[in-house]
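Colleague: These are the residues of each chain, in order.
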Amino acid sequence: EAAVTQSPRNKVTVTGGNVTLSCRQTNSHNYMYWYRQDTGHGLRLIHYSYGAGNLQIGDVPDGYKATRTTQEDFFLLLELASPSQTSLYFCASSAEGLGNQDTQYFGPGTRLLVL
Amino acid sequence: SQWGEENLQALSIQEGEDVTMNCSYKTYTTVVHWYRQDSGRGPALIILIRSNEREKRSGRLRATLDTSSQSSSLSITAAQCEDTAVYFCATDAYQGGRALIFGTGTTVSVSP
Numbered sequence: 001e002a003a004v005t006q007s008p009r010n011k012v013t014v015t016g017g018n019v020t021l022s023c024r025q026t027n028s029h030n031y032m033y034w035y036r037q038d039t040g041h042g043l044r045l046i047h048y049s050y051g052a053g054n055l056q057i058g059d060v061p062d063g064y065k066a067t068r069t070t071q072e073d074f075f076l077l078l079e080l081a082s083p084s085q086t087s088l089y090f091c092a093s094s095a096e097g098l099g100n101q102d103t104q105y106f107g108p109g110t111r112l113l114v115l
Numbered sequence: 001s002q003w004g005e006e007n008l009q010a011l012s013i014q015e016g017e018d019v020t021m022n023c024s025y026k027t028y029t030t031v032v033h034w035y036r037q038d039s040g041r042g043p044a045l046i047i048l049i050r051s052n053e054r055e056k057r058s059g060r061l062r063a064t065l066d067t068s069s070q071s072s073s074l075s076i077t078a079a080q081c082e083d084t085a086v087y088f089c090a091t092d093a094y095q096g097g098r099a100l101i102f103g104t105g106t107t108v109s110v111s112p
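Those protein sequence lines, which keep their order, are chains D and G. If you count by my numbering, then the first sequence holds residues 1 to 115, one letter each, in order. If you count by my numbering, then the second sequence holds residues 1 to 112, one letter each, in order.
Keep in mind the hints are simulated off the structure, nothing from the lab. Hints are supplied without guarantee of correctness; some may be wrong.
Said to hold, decoys possible - Examples of chain D residues toward chain G, derived with CB under 10 Å: (1) V4; (2) Q6; (3) S7; (4) Y33; (5) Y35; (6) L43; (7) Y64; (8) S84; (9) C91; (10) A92; (11) G107; (12) G109.
Claimed, not checked - Output of the computed footprint for chain D on chain G, the stretches with three or more beta carbons under 8 Å from beta carbons of chain D: (13) 38–45; (14) 63–71.
Where a beta carbon is used, it is the ideal one built from N, C-alpha and C, also for glycine.
With the hints as constraints, model all of the structure from the sequences given.
Modeller: Structure (structure tokens):
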């Protein structure tokens, strides 16, 4: 089974703070994704990547940057965190691309609180 | 949003009962994914039904897809306490790059 890990699992920061969320997958998947999950909204796609150095914009990218440094590692950056970014963040990976009838494997999530 | 409202936000049943949850979508899709999310964990795929399939079974799970009404359902037969989770449907609705769009989820609580 695909393994996706995330760190940290919990993070508290202040408004205007700088936060980096990390994700690593160990199954040589091409695609990696960052989602946020909020009550009433389900999972919403922030950014995704189909390989090292690649970045694609998702549905809710404002206020977020991302970087894919290797095939295994995908980072989500909040350079000026705001309370509206308080959320549960999930990383996922898949062998094929979005909507390609392919399974996405999710990490355990990072809970971020912006005060 | 690509989604219509899922019919039920929360369902509470007892062990042994059957349960069905529904979702609808607004645009063409080639597949509907159903994920379950346990408390404190990420979602995990439990069943996937393609647009050329009307029904798909996996153990006690049964998914249906009606492309004419753009709706899908997930049924659990003889629910058990360990079926307690949030269930999401997701489609590959095109959004200028074929995104996987998740619904808001149905919380299923199964009590002994």
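Colleague: Work down the list of hints and note, for each, if the structure agrees.
Modeller: Going through the hints against the structure:
1. Among the interface hints, the one on V4 of chain D holds; its C-beta lies about 8 Å from the nearest C-beta in chain G, closer than the 10 Å criterion.
2. For Q6 of chain D, the interface hint holds, since its Cβ comes within 10 Å of a Cβ in chain G; the closest pair sits about 8 Å apart.
3. Annotation: S7 of chain D was flagged as interfacial toward chain G, and the flag is violated, the nearest CB pair being 14 Å apart, outside 10 Å.
4. Because the beta carbon of Y33 of chain D sits about 8 Å from the nearest beta carbon in chain G, less than 10 Å, this interface hint is met.
5. Interface restraint check: Y35 of chain D against chain G, minimum CB-CB distance 8 Å, threshold 10 Å, status holds.
6. A cut of 10 Å between beta carbons decides the hint on L43 of chain D: the least distance to chain G is about 4 Å, and the hint holds.
7. A least Cβ separation of about 16 Å between Y64 of chain D and chain G goes past the 10 Å threshold, and the interface hint is therefore violated.
8. Interface hint status for S84 of chain D: violated, as the beta-carbon distance to the closest one in chain G is roughly 18 Å, over 10 Å.
9. For C91 of chain D, the shortest C-beta to C-beta distance to chain G is roughly 8 Å, which falls under 10 Å, so the interface hint holds.
10. A cut of 10 Å between beta carbons decides the hint on A92 of chain D: the least distance to chain G is about 7 Å, and the hint holds.
11. Hint on G107 of chain D holds. Least Cβ distance to chain G is approximately 5 Å, under the 10 Å limit.
12. Residue-level restraint check for G109 of chain D holds (minimum Cβ-Cβ distance to chain G is 6 Å; threshold 10 Å).
13. With 6 residues having a Cβ less than 8 Å from any Cβ of chain D, the region 38–45 of chain G passes the three-residue criterion, so the hint holds.
14. Counting residues of the region 63–71 of chain G whose beta-carbon sits less than 8 Å from any beta-carbon of chain D gives 0, not enough to reach three: the coverage restraint is violated.
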